[in-house]
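> In case you want the letters, here they are:
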Amino acid sequence: MKAKRVISQAYLWLVLAVLYAPIIFIAVFSFTEAKSLGNWTGFTLDLYKSLFSGATSGSEALIVALKNTLFIALVASLASTVLGTLAAIGIFNMRGRWKKSIQFLNNVPMLNPDIITGVSLFLLFVFLGVSKGYTTIILSHITFCTPYVVLNVMPKLSQMNPNIYDAALDLGANPFQALMKVIIPQLKTGMISGFILAFTMSLDDFAVTYFTAGSSGIETLSTFIYADVRKGGLTPELKPMMTIIFLLLLVVLLFVNLRAVKTAKKQNN
Amino acid sequence: MTTNKKAYWATPYSFFLLLFVVLPLLLIAIYALRDSAGHFTLSNIAAFFTDPKIVNPFLVSLEVALENTTICILIGYPVAYILADKSLNRSAVTAVLFILPMWINALMRTIATAEIFTAMGIGLGKGTLLFGMAYDYLPFMIYPIYTVLSKLDRSYIEAAQDLGASPVKVFFKVTLPLSMPGVMSGVMMVFMPTVSTFAISEILTNNTIQLFGTIIQENFNNLMWNQGAALSLVMLIIIGITTLIPGNRNES
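Heads up: the sequence lines are chains A and B, in that order. First residue of the first sequence: 822, per the numbering used here; consecutive thereafter. First residue of the second sequence: 24, per the numbering used here; consecutive thereafter.
One chain only, chain A, in its complex shape:
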């Protein structure tokens, strides 16, 4: 049994090593100045300095792209959480054909490859004559983020006692109060995981933003990097930026997991 465990762990860490190799590669070469990756020209922190000082035109545009990415992800995932939670409550209380149709339509953006979602929304904005910009990008992100919120909130609804909403109404709460004070607290964990998933999908998106940003000049990190690829050279400051993002994520992950382990231990005692 022990040998099996050792081999299993070795396999896991081997796959992890391959998965992380490119990220470690970026991190290592963020400490040298060379323009292309894989070319070591001595240790220096210059790229970090120019990233934070915005000294080069590239680093300035990069910071703007990062801010855009975070802004779009935040607005889209918050809107998706509100829209998706209300939708989940509604769908849960529906019966028959309507329920099935909405659930089916809710699955469509998740089943469609990004490029189809992007192209279809591109045609929609052409058809409606809407000029492309933050609004079109954010609406498009809400389109592919909301299904994940709905799917995360639905299971919480079936775990909830269906009578507590009616009980709140009987005790004199209006529907809005009953929603805020009784239903939302019960759905909170589902809403949070839906929000995190929506935020992640929005951050990582490339294809939908590519087709719905048009020639508005708004760049997110993904479209910024893609424009770099087309130009044939990465903005060097991307390397320190990705390294910092990765280290922050690692710290948050370890922190959250250590806390989870601690609370689990407390409950056991």
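Hints may contain errors.
[As the list claims (entries may be wrong)] Think about it this way: if two alpha-carbon atoms lie no more than 27 Å apart in a straight line, the pair counts; the simulated DSS-like pairs of lysine-lysine are:
#1 174(B) - 823(A)
#2 1009(A) - 1087(A)
#3 953(A) - 888(A)
#4 1052(A) - 149(B)
Treat the hints as calculated values from the structure; they're not laboratory data. Note that the coordinates shown come from a computational prediction; the quantities given were computed from them, not determined experimentally.
Based on the hints, put chain B in the right spot on chain A.
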């Protein structure tokens, strides 16, 4: 009555779905069946079957997607199996480590992968494409299998063991069939997205191998919206067939 009323809370989302999901997909169909002057035509669709510049990338994409999906299952299934088995892996952190790279921009990771190959003196082509694609899509295969396996009722496996089945037999007769829903959703999350990939394939092959996604993208970039819409429609039909058929089978 109150429960019926609550059904109306989905009204805003219903309208949202009509405007941002149904109408855009209808527009794909409308554009696909028109020429640039707005007249009805089937020539855009016909081009999919006859134009070698479209057919060949499509066949190449299917081949790459098939290979990529197979590679992801072969590497990802054991990972999911080990992660879900408490006697082989006790730490929950390890499972999260497999998802963490997804928070780093996919294009950036792909560029770094391509640069590693170049630094190692390996030319960009089919091999690097498959490696990089497997690398990008592996978490999408691991996660659904892991979810199904960790919810699996252990008593089935114990029963099989008690009845004298060998570990290999237990795996192929009990564990694998029970985890098939996870494998199927993994396949869904890897196969069609691979076919429709653009940018990633461009970076990994130095644009020597074009996947179907790149063809759609180029059509739209060159203002050939009708042709691009027709190719998107073909993809939609394939997705529809592959998702609806297994769904119906489950219901009956």
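> Return the numbers of the hints above that this structure violates; sort them in rising order.
Structure breaks no hint.
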